Each structure stands twice: as structure tokens, then as C-alpha cells.
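Asker: Take these sequences, add in the hints, and give me the full structure.
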Amino acid sequence: MSKSIHIAHLYAKEMNIYGDTGNRTILTRRLEWRGFDVKVSTVGVGEAVPSDCDIILGGGGQDAGQYAVQRDLAQKSVTLTSMANDGVVMLLICGTYQLFGREFVTSNNETIRGIGLLPLVTVAGAKRLIGNVIVESAWGKLVGYENHSGQTLLDDSSMALGTVIKGAGNNGDDNTEGCIFNNVFGSYLHGPLLSKNPEFADALILRVLQKKYGKVTMLEPLDDSLEHMAAQVAMSRPR
Amino acid sequence: MLILSILAGKLVLIVLRLLGKQGSALPGLIVEKLNPRFLQQSIGKLPDGVIVVTGTNGKTTTTKIIAELLEKDGKRVLTNRTGSNFVRGIISVTLDKIHLSGQLPFDIAILEQDEAHAVHFVKSIKPRGVVVLNIMRDQMDRFGEIDTTTQLLARVVAAASEFVVLNANDKRVAGLADHTKAKPVYFGHTYELWQTFISDDSWHDNDRNSYVEAAEPIGLLKGIADTGLTMKLSGQDITAVLKLKGSHNALNTVAALTVMQTIIPAGNVEQWIVNLETIQPAFGRGEVVRIDGVELMLQLVKNPGGFRHSLNLLKNSNYGAWMIAINDDYADGRDVSWLWDVSFEGISAENPPITSGIRAADMAVRLKYDGVPVDTVEEDLERAIGRLIKEAKKTTSQAAIVFCTYTAMLKIRHILSKKTVLNKVEL
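Just so you know, the sequences run in chain order Y and W.
Reading the first sequence from the start, the letters are residues 28 to 266 in the numbering used here.
Reading the second sequence from the start, the letters are residues 77 to 503 in the numbering used here.
There may be inaccurate statements among the hints.
Claimed, not checked - Here are the simulated DSS-like cross-link-like pairs (lysine-lysine), alpha carbons at most 30 Å apart as the crow flies:
#1 444(W) x 40(Y)
#2 154(Y) x 199(W)
#3 391(W) x 66(Y)
#4 202(W) x 40(Y)
#5 444(W) x 239(Y)
#6 168(Y) x 321(W)
#7 259(W) x 202(W)
#8 97(W) x 444(W)
#9 298(W) x 40(Y)
#10 40(Y) x 247(W)
Said to hold, decoys possible - To list a few chain W residues with every Cβ distance to chain Y over 12 Å, as calculated:
#11 90
#12 120
#13 175
#14 178
#15 228
#16 237
#17 239
#18 283
#19 393
#20 497
Everything labelled a hint here was simulated from the structure, so no lab data went into it.
Everything numeric in this text was worked out from a predicted model, so none of it was measured.
All C-beta atoms in this analysis are idealised placements derived from N, C-alpha and C, irrespective of residue type, glycine included.
Answerer: Written out as C-alpha cells, the structure is:
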């Protein structure tokens, strides 16, 4: 049986404003260190999402980039929704996270349609939500850095990624951060997210392997002492 | 009002100095309140005007090159050496040098200005010229989006009365020509150097087609080698061996010479090159400190573009030891995600690196994922520097390089100044 994992990176060029490509680096290495071959495809405007990809990643971008991408994402909507329902693992940060929701209402009251894959809407807020964040999640404390003026409101039935202990999270009001739907994870956390949260990175990898190989697979543990050290420091830093 | 504000300001400056406080914004604040037209009445009256140097990377070094070349050419130059590049800082610099009579004994001012503060500055002073070196991603938490920075700079260049010197290969900078009536003058580099100067937008896919053809640049960088840089200035071939190392400084130099040519069209270029080759690096920007028999180079890093250029210093040399010191105070950028937009793959020296500063562990994680094992994670800068010096002593080159964010650089300079003589950085 081939041990090869295919990572598809959405809009690697347009939505890579702040280190989120690091999530791709981290997942690639953590798979390679366990003996997997990793193929990385970038999926830009006008390019098809590979049908055989195992993980889809997307990062944050500038407002201008988001307008360009939004139209193209609509073209990919059917494919992505079907993959999400199938259980393909996705990790979407910031701007991409927003676009996977139903809509984004700008400060000029224009509504930008998202692909409606995640049960949420985002509204431009007056205040920028920025600073260090700690989130209590099913994978322990997640630590990262948020920087967004969009306020994301989850539907009542939605599942958040976690509860905010420090910081703003989705909107600064309801203490939720991120959103989970099936194997799709959205979050505002930069850092990049996986850099100081290795348990979460491995949880994503486990879901990929379970979907692909159909049995519960144990992952060979890695030495994450540096990541834990970095997480400790990050959590102690002021907002 | 001018004399009174000068008196008050100088008094505050003296008191602060006696208290050992340098670089305070208080004198500037007081003068601003007493006399809102202070800048217009002082640097606004300089016979050869004010030139503003701005952009994401290279401001301090380029300002220094222009100021020193003009000084060696016989001009009296007012400049802000510490890069106190907000408006009150400029007022403080001026206060320090202005006579009680109100006379400012200078011909011209070359002022480094942070992009955000330049917008405020040009409300008071319409600069004769504005130099925009580059627009790169920088501390997202301070400056936000790169498009925002570009918009700010459009307002700055709009205020230029005579000329704007622009980076022709940086499309956001080159586009600023449309926002000003001042004459655009370009500097740039040839296609052969496309990869060295690749933009943040194109870095991830290493696209050679991302090179933007330079629009008739006055200053054109053609080559960089140990033997020096080669360039053309108004069509004339030039070679120079600089004390300022690195590809970034080669382009900063071309920018500075382009400014010189614009200010002094019939200048003695040969003499400029002779003088250029004597210029020492600005503090923390490739500054070499000799300590305990070894050489330490201090190289400030602030953003992915700058760090990528700085790493070339390590690649193209034989430093035996190296260190990366990352702090996350406001001036460093509070979010360290940007480190993941720099590649460290294949970077090595005789010794594995030490990581230091507040976010030493984050830097070690970054290096681990690019296959660079770390010698030590030592948050304490003094201990880390001590260890680095010990390592450097055992190497062939007897030299080490330290890549450091801004506040880490200041602390390291302070640590080193206790053991050896550093160039004092005066106001």
C-alpha cells in the first residue's frame, strides 16, 4: 500500500499574507518524519482542486486578495462541499476561513458571498481584533496570534474550534474561536497555528490517515519539546 | 514664538541629558505645543530643502550613505542618525542643532521616515524630494496590509515638490509615480538579479517571470560579487567595493547614488565612489564589533524580505558561528508568524545556531522544520552572546553573525558596550 499523502494548498500566492504557509511546511515534515511521501499542489485562480488530495490548506490574505479569490472560490464550491461532506481534512485560516462561510458583510455594507461550507457569517467590525490568543480545545490549549477586523458569528448549531481563554476569537463577544464541520477546521489563529500546537497537527494527520486507510492508525510520537517550550512562552506573553 | 520654543525645547533636552535620558519625545512634544510651526520655521527654511527617505527596508543605511556623501562633498547635512523617525524625533534632532537665534546651520536635511509617520511629517514640511526604497511585508500588527502602506506612501510622494526617487522593479513603488507631480527618477537592478531581489508575492513559487522591467533607471545595479558591485549611473559604468555587505546594501547604494545624481547632476562621481568605499555600516545594520579577539556582525532583521537578504550574508561568507535573537516587543513586531515566510533550508555554518531572545523557542521550532538543528535555546541575550563568543573563538574564521530583531539588537549592543568600545550613536 502506498504511503503517500497529497496536500492541496488553496491560493498559495494570493492568500499567504502572514506565515500561514508554515502550516503546510509543518504538516509535510510531520508526515515525512513518519515515513510518508508528501506531494504538495498549489491550487490557484482558475486551477482545479485535485480530486485525490487528502488535505486542503488555506491562509489569510489582504482584503484585495480576498476579492480576487472569492469569485474563483465560487467556481470550486461544488467540489469543495462534496469533499467536505466526504470527510476530506481541511485547515482554513483567517481570510479563507471567512470565505468558506456563507457571507462576509463589508464596512460599506456590501455582501460578499462565501461558499457556505461552514455554518457561519462574518461582518466587518469597527475594531481590529489583534493580539495573542489562547483557546481551550479538544486538543488542549491552542496558542496563536489573531489579527482581523471581521467578526465571525457561528450558527447556533455550529461547533467552535474552542473556547477563548485569552483574546477575542471569532467576534470578541461569545468566546468562541474558529469552527469545525466534519473534518473541516477554520480558525483565526496565525502563529502559524500548527507551530505551537503539535497535538492538533497530529490530530489532523490522524483524521487524514483514518479516512484514507480506513483503520485507526497510531502515529509514531515525535519529540515536540521545542514546540511545547514555544507554546509556554507564547502563552505567557501579554495580549 | 520660534525663539521661545527653542529655549524651552533646549532646556528640556539639557535636563533630560543630565538625567541620562536619550531619545525622549518630550522635547518634541513641548515644542509642538508651544510652536506648531517650528518645523516650517527651521528645517523648512533650509536652502537646499528636505529629502525624505522611506520604505520598508534600508532607510537607515541609505539615509546614512546620502548624508555622508553630501558631507564629504562639502554640504552641511542635518540628519536623524538614530532613525528617530517620527515627527517629534525630528523636532528633537533639530532642537539639538538649532542656534538660539533660530538659525539652523545646515544646507540640506536628509531624514529617514517611517512610512506611517511620514504622512504626518509632510503635512508640516513639503519635502523637495522623497525616496521610496521598497514596499515589503512588514510587521502586520503595526502596519497592517501592504496595500495600506502603499496608500500612505501615495500621500507622502504627493507632497514632494521637485523629485521622487523610486524603485523601478518594485511595482507598488514604481506605481507611486502616478500620485505625484514631482519628477520621477528610477533606480533598479538587472534581470540577472531577479532571484536575489524576488518579492514577497513571488517568493513562494520562485517565479523568474515576476521580474519587473526597470523603467529607464538612472541607477542600475548589474552585479554583486566579493570583488564589489557593478552598476551604471546615468549610463556610466561604476565598480565599488563597499564596507556595507550584502545584496540589500548593494541596491541601497544604487538608490543613494541615484539621489546624489538627482541633487547634484554635475557631481564628481569618481570622488563619490572613493568616499562611498569608506562608509561604515549603520548601528545594527551589518555593524561589526570586535570583542575578545573575535568579530561579531550585528544584522537587524524585521520582516521576511529583509531576513532573506540578510541570510545571504551567512551563505556568502565563512562565519563560524551564528545566532538568531527574536524578541516580540512592539518595535520587533508582536506576531512572530513572519519567520515562516523565510527559508532556512540548507543554511549552515561551522557550528549550529544559537537561538535567543524572548521567542528563542519559536525560532528553534522554525529552524527544526527547515532541517536546521539548533545548538542551544537560550532566551537570555547576555548568556547567549557569551556562548556565541566562546564558539566563535574556536572557529577558523574567528567571526560570528547575529540576526536580531530591533529591541534584541539594542540590548545586544548594550551588552557589548560594557565589554568593548562601540560607535556611540549620537542623535
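Asker: Now, for every hint given, state plainly whether the structure supports it.
Answerer: Structure-based check of each hint:
no.	hint	result
1	444(W) x 40(Y)	holds (24 Å)
2	154(Y) x 199(W)	holds (27 Å)
3	391(W) x 66(Y)	holds (28 Å)
4	202(W) x 40(Y)	violated (38 Å)
5	444(W) x 239(Y)	holds (28 Å)
6	168(Y) x 321(W)	violated (44 Å)
7	259(W) x 202(W)	holds (15 Å)
8	97(W) x 444(W)	violated (41 Å)
9	298(W) x 40(Y)	holds (28 Å)
10	40(Y) x 247(W)	holds (16 Å)
11	90	holds (35 Å)
12	120	holds (35 Å)
13	175	holds (44 Å)
14	178	holds (43 Å)
15	228	holds (15 Å)
16	237	holds (31 Å)
17	239	holds (29 Å)
18	283	violated (9 Å)
19	393	holds (26 Å)
20	497	holds (34 Å)
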